[in-house]
Amino acid sequence: MPDSVDVSSAADYPAHRELYTFRFHGTGREYFPIWIVNVLLSIVTLGVYSAWAKVRTQRYFHEATELDGSRFGYHGAPLAILIGRAIALCLLVPYVILNHQQSLYAFIPLGVFLLLMPWMAVRALRFRLRVTSYRGVRFGFSHAPDALKGAYICYLGLPFLSVFTGGLLYPYVLHQQHRWRIDNCHYGDTPLRMVPATRQFYKIALLLLAIFIPLSLLAVLTILVLVNILGPQLAPLASLPFTYGAGVILVALGGALMHKTAYANTTLGSGADAVHVDVAWERAELLGLYLTNVLLLGCTVGLAYPWVRCRTARYMLERITLRAPNGLNHFTDSTGKTPDAVGDQVSSLFDIDVGIGF
Amino acid sequence: MAETPPQFTGRLVVAGSSRAVTVPVTASAEGLHLGMEFIPAPVITIVPPVGGNCWRFRLADGRVLEMLDGGRVLAETLGHREGWRDRLEKSWRVALLSLPVILAAGAATWFWGVPLAADQVADMVPLEVERSISDQALQLLLQGKDTDTKVPLERQKALQRTLAAMVGPDNAAHYWLSFLNSPIIGPNAFALPGGDIVVTDQLVDLLDDEEIAAVLAHEVGHVQHRHGLRMALRASGMSVLAAATLGDMGSAGQLLLATPVLLTTLHYTRGFEAEADAAALAWLTRDGRSPCAFARALRKIVASPAVKGAGGDGAIPSWLRSHPMTEERLRPFDAACPAKI
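Order-wise, the sequence lines are chains A and B. Going letter by letter, the first sequence gives residues 11 to 368 in the numbering used here. Going letter by letter, the second sequence gives residues 3 to 343 in the numbering used here.
If you are wondering where the hints come from, they were derived from the structure by calculation, not from laboratory data. Treat the hints with care, as some may be off.
[Stated by the list, open to error] Pulled a few chain B residues facing chain A out of the computed Cβ check, cut under 7 Å: (1) Ala17; (2) Gly54; (3) Ala107; (4) Ser180; (5) Asn183.
[To be verified] Listing some non-contacts, in silico: residues in chain A with all C-beta distances to chain B over 12 Å: (6) Leu29; (7) Gly57; (8) Tyr59; (9) Val106; (10) Phe123; (11) Lys159; (12) Gly177; (13) Tyr212; (14) Ile233.
Positions of the beta carbon are idealized from the N, C-alpha and C atoms, including for glycine.
Isolated chain B (complex conformation) (with noise of 0.2 Å):
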């Protein structure tokens, strides 16, 4: 050992206090010369820094050695071999790599992760909880003023038992029908999660009975199919990962995390349109009922004065918000019509 091993500065912190004393340090593989003083090696605990070069020995006696030169060469000479994590951390190759992989994950998570699991989840939600949350938001619904309905009272029954038929004598009790008038919402229907269906009086007035129930069977396949209980997991798994994973950044990663989430809603939305679709054309196309119906029904509602003359997306109820994509939608209920109307 002909050769002197190299001398670093460092600087010792005492436990218990603030002083800092600086002392020249060399390193064996036995273990680190404090000036005169030696420190055998198991007893010293070494921290790598992470990214920077602030690397700390940690003594037995609660000292501690700050090394911000040299440090990395006197932990290889007392032998410490670094970390995977240190190496990942490092690389700007697996960075840039990880890059696409981030979001490939990210993209995965949102189309078939988070949507599995909320149903999964869903699945386990008993009927009966589903049906107590949803009383409420009906009722803070019907409660606001000149919401009364117009409809006349044997309309009123005669759609009811047309609901009543249609998801049949065991479930009918958990099926309701609640009218209500409010032009600022228009023509529109909406199913809440228990089995609550709402019809507006604008719809009742602008469609036959025919149509109205196709627009129901549509929104029973909601009700059926749990969309609303399985909407608000989806979401709020979303907005959970989302935190989890790039919940750091605060404010910075909220904004960017906004539109995503918003798109999340709507690319769900479309899914469970579909769905409710197809629910309803298999209750159409059975026992001598027309397909033609719901198609009708939609064309009427995008041509009312109510829809078109807003303009806004937010005139058109939440089950044509794909609005652009309303004879795309209608292709299917369309085939399955024997004469177009």
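Isolated chain A (complex conformation) (with noise of 0.2 Å):
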């Protein structure tokens, strides 16, 4: 290319192409020294450095992640986490020492703490999406009142309901809750819409059951055995890292699943410009995948993390592809100019992560 090039007229987009897949290039390699040293010092300042290292890792990953030639960027502000940490702190501690003195005082905070719940996943997706950026276009979550009553919704009031149904309406009520989150979304000034998939949401459900009654007999079977061949004391004990690994990645693969119906029901704008998400997340190779994970951790007694986080998410990521026909050129972000942008900067002062960090 001559050096004469002229910035402001170069019109070089890529051409037009369709499909865009998701490239993550992170290797455990890179990512082991990153993570052990986010653990040293996290354990070397008793745990204040957890929030710089989670921005680390969050930054690793998001740059890890290319579309069409570009990284994502994560900015999230350490002391915001920290903040949202202590806070998250304040409502745990007394929980856990009351419930282990087997208090009624226990429901206390354990209360607060359902009542708050919505609000705090509102903060939590404004906050994580707010940090969020695709070629200097940032993510957000809606700061509408009916985002929060939708979380009340969504996430106290139907659960609430479902219990009375026996559980019938839970895959309702997941739908639900994935809806309301994508619903809420916007890249910069597009959002992002999920058409109702609860029917899908019932077949998982379904699936998931054929999966965990044969398990659960096999479970129960392998205990019997083993009661006949340690004794009764040590056949649970034994048995335990294989029921509890069973668990996890049954538990993994039902989100995983409900994830990509949700995903692939999602659209990013509408009309022309609009853009469709493909999920080719194949049930045999999550389970495979998930598998390998569970034995790998415990074969390395959670050395080999980093291999099985990049692993996963690039299976993960590598397998998502967006329909575009007309590119990703075409968005725009405007709340650096709108009123808004003083309360989103009010609300991206903290960021808790009940969720993930406790």
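Hints in hand, dock the two standalone chains.
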């Protein structure tokens, strides 16, 4: 290319392809030292560094994720995360102590937590999306009062109701949670929308049940056999890693399948510029991935974690394809100019990641 | 300056739009050349990557230059120096050397750090708080069906007096002995944080008054040393610290932490039992009482059909949980006992 290319008139957008597949460039080899430094500094600082560690980790994974030649960005401030964790701690510690004493007072922090949980979910999503960017355009989560109302319906009201239906309503509850989350997201000025897929969520629930029932029968049988070999004390202990591992895998599989359904029904924008999502995660492959992950972690007492995390991210991301007939260049982000930006700054003052951190 | 600086290709992103423009980039100490445009160094913020090679250069006007190739060379030409953390995070030598340090630091925190910190906090918790917490636990415990004691009132009163005499007139008001009829729990006694002590009918039936007094002395030791509160603080300290350091690992982390946390509780329990035993021994060797009573009581319980028959650890009272160590535990009592029974 000659030196005299004029940037302003460079008409060198990549030719419009229709399909854009994510690429993940992270490797366990590269992430291992980052992870170790994070753990070391977190221990040495009695957990204070964990907020910085989180930012480093998030940045590593975002910057290793490529779409159409550009990498994602993470811009979370460690101090905001630290404040969020301190707040979560204030709820957690009284609960753990009171619960340990079998005190009825334990219900107070538990109740406060339940009542605040939807509000915290909104806060956390706002923060997480606000600090994520792709090509200079930030993601975001709705500030409308309806978003908060939806959180209370999806995370408090509906789960409460589903208790009275013997769990029959639960797949619908999960569906509504996914839908609420996606419908309130936006990339720059462009909203995301999820088409309802209740029937598919019930299908997944049935599938999980079909796996769970024979699996638990197998577990009971195994324990009975082990009781004869090892005696009644050791048998449950010896089978614990297997039953626990199977439980973890099943929960992960169910979660992935529901995410897949949710994403596959998601559109970014509308009309000719709309972007559709194709997700090619296969049940058998997911099962194989989780199984090998659990084995890898178990055999290395956790040291394989960086590899496990990277291979999972690679599989998940590289099987997501965006269908964008008009390319990815036309998205705008005017949030910087609207008065809402002030409120946005205040709301991203702290991140509460109760679900992940604790 | 005869040598021409190396040229790389970057992508320039304009704030507020997802349009990425490919630009040729060269650097000098004074700034970056993006095609024909010159950006002076002072208005450029260099954002080095975390791992990987995605260097970002933020320009003052909100545009961002993303370099997947040559970012390091450009940054160094602009005078950027690598930070200590970037260097640490790249070094496998540091990582491998850190592993034993992490294990040692983790173990030290587990052995000394958490207990020390938790005990400091426990000292600051007023006794009244401790008592009000345990009142409810006691009510919950005694609420069950068919748990009404069948111990004769006279014996109840006698044991109550023994306990009162043991803790002295100043504290007697805070200690209260409750009786619980529970074949499931079997012969057992336990102390709640505030000073409530519960003994089962099964224990009262098995032991004579002197032996029960020895067991009560052990339980009083638990109360005086505030073991309930200290244990709760230690356990929560452990889980908070574990979550802070390995919380990022999600369910994998929980899987890995379950065992150490379980071991923690057992380890701390043993320490507390030893402390309570010492308190019991101290009381039993005073004022002409016999240290033999405690050893006798423990051996009776271990040999009782309820404990022996069940065979499982669950049937062994918590203060006997260190089951294989019962004999070892009783050594100081036997040593103080004139004639072993």
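- Message: Under the constraints set out in the numbered hints, which ones does this structure not fulfil?
- Response: 4, 5, 7, 8 and 9
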